[in-house]
Amino acid sequence: MPDTGYLLAVVGVAAATTLALRAAPFALRSALRSSPLVDDLGRRLPAAVMVILVLYLLRDVPLTAVRPGLGHLGAIAVTVGVHLWRGRALLSMAAGTVVYAVLLAVLPG
Amino acid sequence: MVTSSAAALRADLRAATGDVLGVGAGMLVLGTSFGLLVVNAGLAWWWAPVFSAVVYAGSLEFLLVGLSVVGTPLVAVAVTALLVNARHVVYGLSFPLHRIRSRAGRAYAVFALIDEAYALTATRPAESLTGRRIVATQVLLQLCWVSGGLAGALAGATLALDVPALDFVFVALFVVLAVDAVRAAREATPPLLAAASAVVAHAVAPQQMLLVATVLVVALLLLRHAVRWAGERRA
Chain Z
1 MPDTGYLLAV VGVAAATTLA LRAAPFALRS ALRSSPLVDD LGRRLPAAVM
51 VILVLYLLRD VPLTAVRPGL GHLGAIAVTV GVHLWRGRAL LSMAAGTVVY
101 AVLLAVLPG
Chain V
1001 MVTSSAAALR ADLRAATGDV LGVGAGMLVL GTSFGLLVVN AGLAWWWAPV
1051 FSAVVYAGSL EFLLVGLSVV GTPLVAVAVT ALLVNARHVV YGLSFPLHRI
1101 RSRAGRAYAV FALIDEAYAL TATRPAESLT GRRIVATQVL LQLCWVSGGL
1151 AGALAGATLA LDVPALDFVF VALFVVLAVD AVRAAREATP PLLAAASAVV
1201 AHAVAPQQML LVATVLVVAL LLLRHAVRWA GERRA
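Residue numbers (this note's numbering), protein chains in the order written: chain Z, 1 to 109; chain V, 1001 to 1235.
There may be inaccurate statements among the hints.
[Said to hold, decoys possible] Over the 12 Å line for every Cβ pair with chain V, so calculated as not near, a few chain Z residues: (1) Thr64; (2) Val66; (3) Gly96.
[What the hints assert, rightly or not] Label-pair restraints from in silico Cβ distances: (4) V:Leu1223 x Z:Thr64: 17 to 27 Å; (5) V:Leu1013 x Z:Val106: 20 to 30 Å; (6) Z:Ala27 x V:Ala1011: 46 to 56 Å; (7) V:Val1163 x Z:Leu37: 24 to 34 Å; (8) Z:Gly87 x V:Leu1021: 31 to 41 Å.
What the hints contain is simulated information worked out from the structure, not anything from laboratory work. Ideal placement from N, C-alpha and C gives every residue a C-beta, glycine not left out.
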């Protein structure tokens, strides 16, 4: 288990970075609005970062093994499908998690 | 005067409670799964409320638990926070901060400008929102998130509750965020570049996959921007 000092540093670094990002636009309102580069990255980066995060979370899942592999792929397909259909985040997450629980229970290990 | 301002305060609080009801219930549930994750990762239960009170950025908090138990360098933590929360820079451009009069209220509103707070306030006509209603909405949202995390962490610590299916809540959260972001961008190239970057990073630097992949994709997007800009200038 990591020591308290390191964890406090993690909390401090993450909190400071997050606060700086939230405060920056109020300080730089006019400059940010007129920069085509910031505008371009602002529009394209979110989708790219989220895709990387999903793949990062799946990095240790053995996708060829039946239970963890099919469990994750099936549940992700359901989450995406329900989300494209209804567009309600909590409903999509609940549906995906229930399917994941069911698949874990019924698929052979 | 006193009674009418007290009535106005009650009306603001009632309106804020109504605004928060649906979203707050969801944050309570997601917060509970965050609390369980903290305890199941081997951290003491009280780190859940510390993360949620001080960092207060749901999706980043989930990642921080995983990053901190393997002792990720602080530079990588900062880069992760920067990239995961970069979308917040956009929120400030249209958040109705000018409606809040007190300094302390404005400071808290900026600190607590999470996705849900932005969604509940920036999408409403600014005239219908008083500053107090905005701040009350944000306080209620954070109360839901912190108490959910506390409940989950205490349940995990005292009942040794380990629900493997709840791990997926976290994956599902990011899948939903990814679908929303890809749909809003209406463009397939950035997500495809991102997927390729993630695969390359996993192959060359599995320990620092997140950092390498995000740096790689930012470089690719900058390169693409430069190429297009040069192309437009020639045309």
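Tested hints:
Listed as outside the interface, Thr64 of chain Z is consistent with that label: its C-beta sits roughly 15 Å from the nearest C-beta of chain V, beyond the 12 Å cut-off. Every C-beta of chain V lies more than 12 Å from that of Val66 of chain Z, the closest at about 16 Å, which supports listing it as non-interface. The Cβ of Gly96 of chain Z does not lie farther than 12 Å from every Cβ of chain V; its closest approach is about 4 Å, which violates its non-interface assignment. At about 34 Å, the CB distance of Leu1223 of chain V to Thr64 of chain Z disagrees with the hint of 17 to 27 Å.
About 47 Å separates the C-beta atoms of Leu1013 of chain V and Val106 of chain Z, a value inconsistent with the hinted range of 20 to 30 Å. Distance hint check for Ala27 of chain Z and Ala1011 of chain V: the Cβ-Cβ separation is about 33 Å, which falls outside the suggested range of 46 to 56 Å. Here the CB-CB span from Val1163 of chain V to Leu37 of chain Z is close to 45 Å, at odds with the stated 24 to 34 Å. At roughly 19 Å, the beta-carbon separation of Gly87 of chain Z and Leu1021 of chain V lies outside the given 31 to 41 Å, and the hint is violated.
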